[in-house]
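Undergrad: Chains A and B supply the protein sequences, listed in that same order.
In this text, residue positions in the first sequence follow numbering that gives the first Met the number 0: the first is 0, and each later residue adds one.
In this text, residue positions in the second sequence follow numbering that gives the first Met the number 0: the first is 0, and each later residue adds one.
Watch out, some of these pointers could steer you wrong.
[Said to hold, decoys possible] Output of the computed footprint for chain A on chain B, the stretches with three or more beta carbons under 8 Å from beta carbons of chain A:
1. 179 to 189
2. 256 to 269
3. 278 to 292
[To be verified] Computed Cβ-Cβ distance ranges for the label pairs, DEER-style:
4. B/G371 x A/V9: 35 to 43 Å
5. A/D19 x B/E215: 41 to 49 Å
6. A/V9 x B/V124: 36 to 44 Å
7. A/G39 x B/D339: 47 to 55 Å
8. B/T138 x A/E34: 33 to 41 Å
9. B/G29 x A/E13: 48 to 56 Å
10. B/G29 x A/V9: 40 to 48 Å
11. A/R25 x B/Y370: 36 to 44 Å
12. A/G39 x B/A162: 34 to 42 Å
13. B/G163 x A/D19: 24 to 32 Å
14. A/V17 x B/R259: 44 to 52 Å
15. A/D19 x B/G100: 36 to 44 Å
Simulated from the structure, these hints should not be mistaken for laboratory data.
Backbone N, C-alpha and C define an ideal beta-carbon position, used for all residues, glycine too.
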Amino acid sequence: MCLGVPGRVVSVTEWTAVVDFWGVRREVRLDIVDEPVQPGDYVLNHVGFAIRRIPAEDIEGTLAMYEDLIRQAPADDLMALDVRGEIDGTGRRSG
Amino acid sequence: MDSIRLDAALRQLKFRDPLVARRLAEAIAGTVGEIGRSPVSVMHVCGSHEQAIAKFGLRATFPKDLNVIMGPGCPVCITDMPEVDEGVALARQGVIVASYGDMLRVRGTALSLNDAQAEGASVEVVYSAAQAVQLARKTDREVVFFSTGFETTAVATAAVLEAGVPDNFSVLSAHKYIPPVMEIVAEMPETRVEGFLAAGHAAAITGWGIFEPFVERHGIPVVVAGFEPLDILAGLARLVELVRDRTPRVVNMFPRCVTREGNRRAQERLWNVFRPVGGRWRGIAHVPNGNLRLRDEWARFDARRRFKIDLASLWDGVPSTLAADCICGDIMSGIASPDDCKLFGKECVPDTPVGACMVSSEGTCKIWHQYGGHPDLAAL
Chain A
0 MCLGVPGRVV SVTEWTAVVD FWGVRREVRL DIVDEPVQPG DYVLNHVGFA
50 IRRIPAEDIE GTLAMYEDLI RQAPADDLMA LDVRGEIDGT GRRSG
Chain B
0 MDSIRLDAAL RQLKFRDPLV ARRLAEAIAG TVGEIGRSPV SVMHVCGSHE
50 QAIAKFGLRA TFPKDLNVIM GPGCPVCITD MPEVDEGVAL ARQGVIVASY
100 GDMLRVRGTA LSLNDAQAEG ASVEVVYSAA QAVQLARKTD REVVFFSTGF
150 ETTAVATAAV LEAGVPDNFS VLSAHKYIPP VMEIVAEMPE TRVEGFLAAG
200 HAAAITGWGI FEPFVERHGI PVVVAGFEPL DILAGLARLV ELVRDRTPRV
250 VNMFPRCVTR EGNRRAQERL WNVFRPVGGR WRGIAHVPNG NLRLRDEWAR
300 FDARRRFKID LASLWDGVPS TLAADCICGD IMSGIASPDD CKLFGKECVP
350 DTPVGACMVS SEGTCKIWHQ YGGHPDLAAL
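Here chain A stands alone, though its shape is the one from the complex (with noise of 0.2 Å):
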C-alpha cells in the first residue's frame, strides 16, 4: 500500500495523467500534485496519485551526492571508472 513508484507520464487530460511504469500504463489522479505536469515528466506515485513532480536537477543532486559519499575510491578503480564513463556517456547521448 505504502509505495512510493516513479513513473513517466504520457498523456495528461485535466485531473488523470496516464503514467508509464516501466512498461505498465496506468491511470493516476493529479489532484495532489502541486506542479502542473506534462508528458514526458517523472511523477512519484502513490496509491493512485502523483505527489511529486520529479525534477531533473534533483536526480542530479541525489547522483551528485553519491558521488560524494564514495569520493575517496581508489584513481584506479576500474569499476569505479566505468560507472563514471557510464554516466558521462548518457550525458552524451543525449546532448
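Given the coordinates of chain A, assemble chain B onto it according to the supplied hints.
TA: What follows is chain B alone, placed relative to chain A:
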C-alpha cells in the same frame, strides 16, 4: 531537460550500483567503528525501507555494532484491533466495505474482513481511494471505504472527498500520522534510538522541516531517505555520521522527491479533511495526535457517524491462545526481531498468520519470512 540521462537514472541503475553500495557500506562501518561502542541503534519507520533492506540483503552489509531497528512503519500492522472490528461489523451489517488488499487478512479482536467475506459479507479490494468511489458510483448500496495508511495515503482519501463523492459513499478512517509516534518511540527506554531514518514519500508530503522541532526536543538526528538500496545506505551513512559527531539535525538525503516545505497543496487537502486525535496504535501505545479522523465539516461522509456500528456482535468469540505468544507489539516498537518470536516460521507463517506483522507485505515478519532477516553471506 537531459532526458536520456534522467531516464537512465530513473531506471534505477544508478540507485542499485553494487560498487557504490560497497563503498557506502564501508563508509557506514568506518563511522560506526569511530563511534566505538556497541550497539549503535538507529530506527527506520517505514515498511518500504524494511522491504528494501531485506530484499537486497542490506542487513548483511551492516557492521555488527550497528543495530537498524524496524519501527512502527507498517500501516496495516499498527491499525488497532477495534478499528478492524469496525470494518468487519459494518461489512456484516450489509454495506459494501472497500479497502486496500492487505487489510483483508488482518484480524480484529475476533474476525478479519476475509472472515466476514467468507460469511457472505461484501468486501472489495481497491488499489486506490478513487477506485472505491467508482465502486460507489456503480451501485445503489452503501459503500464504506475502510481507509488505512499514513499521511501519504490519507492525502489520497482527502483528495477524493474534496473532488466530490456520491451520497452512498463514506469513509471509515483508520489513518495514522507518523510524526507523533516518533515522539513516543524516542522516549521508550527499552529502545534507545540514537537516530531516525524517515520515510521519503511521507516527507514528500509533509516536507523535511516537520522534523526540526522533534530534533530540537529530543536531540536525535533525523535523515530523510528514499527507497532504493543506495538511498537507504546513503541515508544510514549520513545518519551514523550525525550520531558520531553528536550533531542532531535534519538531513534530507532524498532531495529528488523531498523539499523543506513539502507539498503544500497536499497538506492543505489533508488538513481540510482530517484532524489529528489521540488513539491506540496496535502493539505500541496510545499516541497523542497519532490518528486522523474526519473533520466535522465532513461528518456526512464519516461512516462512524452515518452508521450505528454494532461491535458487540463480534465479541462472542474467545481469543486464540496463540495470540498471547505473539510479540508483534515488541517488534513494532523495535524491542524485538522476528526471530525472537517462538511462533515465527512455525505456527505463524504468511498463509496462516497469527499477528499482523506476518500479514502485510510491509510487516516485518512477512518480509523476514520472505527474504530472510539476517542473511549470513560470509557462510556462503
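Undergrad: Take the hints in turn and mark each one as holding or not.
TA: Status of the hints after comparison with the structure:
Only when three residues or more bring their CB closer than 8 Å to a CB of chain A does the claim for the region 179 to 189 of chain B stand; here the count is 0, and the claim is violated. By the rule of at least three residues with a Cβ nearer than 8 Å to a Cβ of chain A, the coverage given for the region 256 to 269 of chain B holds, with 6 such residues. For the region 278 to 292 of chain B, the proposed coverage by chain A is not satisfied: 0 residues have a C-beta within less than 8 Å of a C-beta in that chain, short of the threshold of three. Between B/G371 and A/V9 the C-beta distance comes to about 38 Å, which sits within the given range of 35 to 43 Å.
Checked against the hint of 41 to 49 Å, the pair A/D19 and B/E215 passes, with Cβ atoms roughly 42 Å apart. For A/V9 and B/V124, the hinted distance range of 36 to 44 Å is not satisfied, since their beta carbons lie about 26 Å from each other. The hinted range of 47 to 55 Å is satisfied by A/G39 and B/D339, whose Cβ atoms lie roughly 49 Å apart. Look at B/T138 against A/E34: about 36 Å separates their beta carbons, and that is inside 33 to 41 Å.
Here the CB-CB span from B/G29 to A/E13 is close to 52 Å, well matched to the stated 48 to 56 Å. Range check, B/G29 to A/V9: Cβ separation about 44 Å, and the 40 to 48 Å hint holds. The hinted window of 36 to 44 Å between A/R25 and B/Y370 is violated, with their beta carbons roughly 26 Å apart. Between A/G39 and B/A162, the C-beta spacing of about 26 Å breaks the proposed range 34 to 42 Å.
At roughly 28 Å, the beta carbons of B/G163 and A/D19 sit within the given window of 24 to 32 Å. Between A/V17 and B/R259 the Cβ separation comes to about 31 Å, which falls outside the hinted range of 44 to 52 Å. Taking 36 to 44 Å as the suggested C-beta distance range, the pair A/D19 and B/G100 does not conform, at roughly 23 Å.
In terms of the numbered hints stated before, the structure departs from hints 1, 3, 6, 11, 12, 14, 15, listed from lowest to highest.
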